[in-house]
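Protein chains in written order, with the UniProt record's numbering: chain A, 1 to 872; chain B, 1 to 116.
No lab work stands behind these hints: they were computed from the structure.
Among the clues, some could well be false.
[As the list claims (entries may be wrong)] In silico DSSO-like links for lysine-lysine, alpha-carbon gap of 27 Å or less:
1) A:Lys846 x A:Lys150
2) A:Lys171 x A:Lys332
3) A:Lys456 x A:Lys61
4) A:Lys595 x A:Lys688
5) A:Lys126 x A:Lys231
6) A:Lys488 x A:Lys688
7) A:Lys459 x A:Lys447
8) A:Lys148 x A:Lys332
9) A:Lys126 x A:Lys171
10) B:Lys11 x A:Lys818
11) A:Lys231 x A:Lys148
12) A:Lys488 x A:Lys456
13) A:Lys818 x B:Lys90
14) A:Lys818 x B:Lys52
15) A:Lys688 x B:Lys90
16) B:Lys90 x A:Lys576
17) A:Lys846 x B:Lys90
18) A:Lys456 x B:Lys90
19) B:Lys90 x A:Lys61
20) B:Lys90 x A:Lys488
[What the hints assert, rightly or not] Covered stretches of chain B (chain A as the covering partner; in silico rule of three or more C-beta atoms under 8 Å from a C-beta of chain A):
21) 23-33
22) 85-91
It should be emphasised that the depicted structure is a prediction, and the values quoted were computed from it without experimental measurement.
Glycine is no exception: its CB is placed at the ideal position from the N, C-alpha and C atoms.
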Amino acid sequence: MTAALGATPTIVLVGHGMVGQRFLEALAERGLTATHRVVVLCEEPRPAYDRVALTSYFSGKTPEDLSMTDMEFIKDHGIELYVGDPAVSVDREARQVTAESGQVFGYDVLVLATGSYPFVPPVPNKDATGCFVYRTIEDLLAIEEYAKTKATTGAVVGGGLLGLEAAGALKGLGVETHIVEFAPRLMPVQVDEGGGAALLRTIEDMGLSVHTGVGTQEIVTGADGAVSGMKLSDGSELATDMVVFSAGVRPRDQLARDCGLTVGERGGITVDEQCRTVADPHVFAIGECAQAVDGRVYGLVAPGYEQAETAAATIAADEASFVGADLSTKLKLLGVDVASFGDAHGTAEDCLDVVYSDSRSGLYKKLVIGRDGTLLGGILVGDAEAYGTLKAFTGSVPPVSPESLVLPAGAGESAQLGPTALPDDAIICSCNNVRKGTIREAVTEHKCTTVPEVKKCTKAGTTCGSCVKVLGQLVTAELEASGVEVDKGLCGCFGQTREELYEIVLALRITSYQDLLDRYGREGARGGDGCEVCKPAVASIIASLAPTIGANGYVLDGEQASLQDTNDHFLANLQKNGSYSVVPRIPGGEIAPEKLIVIGEIARDFGLYTKITGGQRIDMFGARVEQLPLIWARLVDAGFESGHAYGKSLRTVKSCVGQTWCRYGVQDSVRMAIDLELRYRGLRSPHKLKSAVSGCARECAEAQSKDFGVIATSNGWNLYVAGNGGATPRHADLLAQDLSDAELIRLIDRFLMFYIRTADRLERTSTWLERIPGGLDHVRDVVVHDSLGICEELERLMSAHVANYRDEWSETINDPEKLARFVSFVNAPDTPDPVVGFVPERDQIKPDLPLLSIGMRPAEDTADVLEGTAQR
Amino acid sequence: MTLAPETTDLKVQLRLTDDWFTVCDLHLLLPGRGVAALLPDGNQVAVFRDRKGRLYAIDNRDPFTGAAVLSRGLIGTHQDRPFVASPLLKQRFDLLSGQCLDDESVRVATYEVRAA
Chain A
1 MTAALGATPT IVLVGHGMVG QRFLEALAER GLTATHRVVV LCEEPRPAYD RVALTSYFSG
61 KTPEDLSMTD MEFIKDHGIE LYVGDPAVSV DREARQVTAE SGQVFGYDVL VLATGSYPFV
121 PPVPNKDATG CFVYRTIEDL LAIEEYAKTK ATTGAVVGGG LLGLEAAGAL KGLGVETHIV
181 EFAPRLMPVQ VDEGGGAALL RTIEDMGLSV HTGVGTQEIV TGADGAVSGM KLSDGSELAT
241 DMVVFSAGVR PRDQLARDCG LTVGERGGIT VDEQCRTVAD PHVFAIGECA QAVDGRVYGL
301 VAPGYEQAET AAATIAADEA SFVGADLSTK LKLLGVDVAS FGDAHGTAED CLDVVYSDSR
361 SGLYKKLVIG RDGTLLGGIL VGDAEAYGTL KAFTGSVPPV SPESLVLPAG AGESAQLGPT
421 ALPDDAIICS CNNVRKGTIR EAVTEHKCTT VPEVKKCTKA GTTCGSCVKV LGQLVTAELE
481 ASGVEVDKGL CGCFGQTREE LYEIVLALRI TSYQDLLDRY GREGARGGDG CEVCKPAVAS
541 IIASLAPTIG ANGYVLDGEQ ASLQDTNDHF LANLQKNGSY SVVPRIPGGE IAPEKLIVIG
601 EIARDFGLYT KITGGQRIDM FGARVEQLPL IWARLVDAGF ESGHAYGKSL RTVKSCVGQT
661 WCRYGVQDSV RMAIDLELRY RGLRSPHKLK SAVSGCAREC AEAQSKDFGV IATSNGWNLY
721 VAGNGGATPR HADLLAQDLS DAELIRLIDR FLMFYIRTAD RLERTSTWLE RIPGGLDHVR
781 DVVVHDSLGI CEELERLMSA HVANYRDEWS ETINDPEKLA RFVSFVNAPD TPDPVVGFVP
841 ERDQIKPDLP LLSIGMRPAE DTADVLEGTA QR
Chain B
1 MTLAPETTDL KVQLRLTDDW FTVCDLHLLL PGRGVAALLP DGNQVAVFRD RKGRLYAIDN
61 RDPFTGAAVL SRGLIGTHQD RPFVASPLLK QRFDLLSGQC LDDESVRVAT YEVRAA
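Can you make the complete structure from the sequences, with help from the hints?
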């Protein structure tokens, strides 16, 4: 033994992944870091990071963001962490571990948390250039590098959870992506046939090609030895430039095997209920490398955490055991919600299914119910909103009928079963095993009043975050129940909601923000400078109501100028390096060649990057602040107006070519789109507004994903409202059918003004409609049947807006005082900002990011990484 | 309100080691907004004026993104202390101390500023 008798006992941890890190935290919480020497051997070149969120790297997270290791924590607890130095052998006789560097550590307790390795099927050429696995940040960087330089097509082997993650990554890199899955459906472990079909449909709609029921037989290589394709078991060949193997993982138990520890038949170090190896009481195994006492190897993080806690407790001589865990999961894969919980596949005897399936919108929900009505488990694809509630009810008879729990909102029968209906012992956060009762106590006993406080106090919601929404509802309910008034105010300056402020401004004709703040702000905020939340919100209310209350609607006038977000202040969109983008209005997406040429000339003359937007117009990027007036002088001269791409206001009204050209068109959709865009241009609203007009039911303009969308019928127009694309897509609801031109416009006038009046700040029409009491029916009552008697006023407000519209940019370039603000430096107007620089990419420019990182925090260790990751 | 004639010619000045460096005329600062100024050493400063006419000056570079944009943020008052919110990712910075209010480990430089 290396440790002399009487010396501090030593714990050696092999592996520093998520479970290893949790183990260290558990040691510290139990005071073991103070009484023990703790040595950690970590193979990867960086300490523990969030492997579950690996794919978020492709949506902008840096490796730094993914880190789970607080170096202060490591230092404060005197933990010796050796990064990039894996353990290579264990001598159980002498109780010592040898690391790759040659260092030898004696131990009293050895904890193996070596995780797992990706399984690569033994096919010919599996190691060729262009073959990858998807497990670590290093794998990811290698895939990114190869995809950017050498690949236009990629194939992922494996259509399970990890495979879809990897496919999402490839897609994010702009590679044409194929998924090859041996089983007859995607995610065969988590979902059944119906769920697989819903998933397939949604994923194919995203442009990914899915091949199920076929195996990979051989990787085909070109003359250079790199991947050129793969042979499949059905005899076909798939051309691809790269292959990512993501066909499951296997426990990394080689170190354990080499030192004679027992492993399971299919791998995994066998451990007892205390996570102690069955062969050696001095050795523990936790996480994906361990085979638990129930014979399973758990590949999820939550059971791993539980094992880490169990091992730490056992070392501290406390009682703890791990006998098995629930495999419930909720994930967002490629933007699709997928959840399964309890007995998802209905293996219990005599159980029954309740299924709701709508493959058109990619929805599939199944509940497994016992004979006595007990909820046993279920599968949710496309909408897993109810996961938290359903999972907590698993094992009990829910208080409402099961079918009402799977029907979508608005389908009549659906029951909104809030988390308040849950029993106290229902698990809300399964990652950290937090019960509802614990969360309630955090509010009642520990005086927590906000979600962040409750998260800190209970650890709920700190791992995968999928329960945070339920957490918020519970905290609010608990506060309300205990008589604490829940602050629904706009911000720290105003106790009123946006809707209440709107009513105050309208009723009292208040035209000044300072006036509103000093008279109606919170006690401590009066007389102050407000904040960045209420200033633009109040500015928007005043601008929406300007003609009616007698304010100047021009957003750069007087006090209004000081309230606007930078985008509105410079009438352009701020980009990451401090430059701006410029979007002239192109109503309905219709543009004459002469005007197209002007845009081209301007972009060329100012060296701007141009891109066609999703809203059928052209965005020009890379303008310096001092160039904006020069660019707009030429645009205005050519007849262009501001496109308000910078404002919380109407963006575009897209259209298809309609009846004029299309053989299917039944109405003139382009004309209607132009009319609508010109009518509502410049209208300030709680959030941006998007619209579209389709000339027939084929819906080429995608009107049903817009805040207000119009679809032509042979009898007129159908109006859809409250649709959304983006992160939380929502199909628009039909508000009224077969409207004439005049009826359509009148209804949209009312709808928009009612929304502007009652929505919260930054609340899109889709969330607004879901939130307001009565939902679609209420809105229809108000704007179609005039149940509140306000339609005349709504129409009057809109016609005042239409009559008073002026183009912000032509007004600005004619005002020398306003133009004086468009300089980089007040004391050196002709000197451009030196950190706004550009480098070439694909015949255009892109921001010179290394230029920005000079002086960034912390400059030394992130510079390399940032350069490689920031531009996607 | 009319400004007294003698105040209209006031200059905004920053203290740089020993000397006062003149940035611009005071009237160019709109209450509630900032401007960017270039220093002789190439550094950039964001200068703000609040509704009561008080002046503040901090480094113009947003430490979270590297872009020189803090002068384009909106200012406000939180618990009686003035702050600016970065226009890019909205972190708040105390205008008197330069301390980032969302991240204890981040602080930007501040400058002494006066109207003279």
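Failing hints, ascending? none
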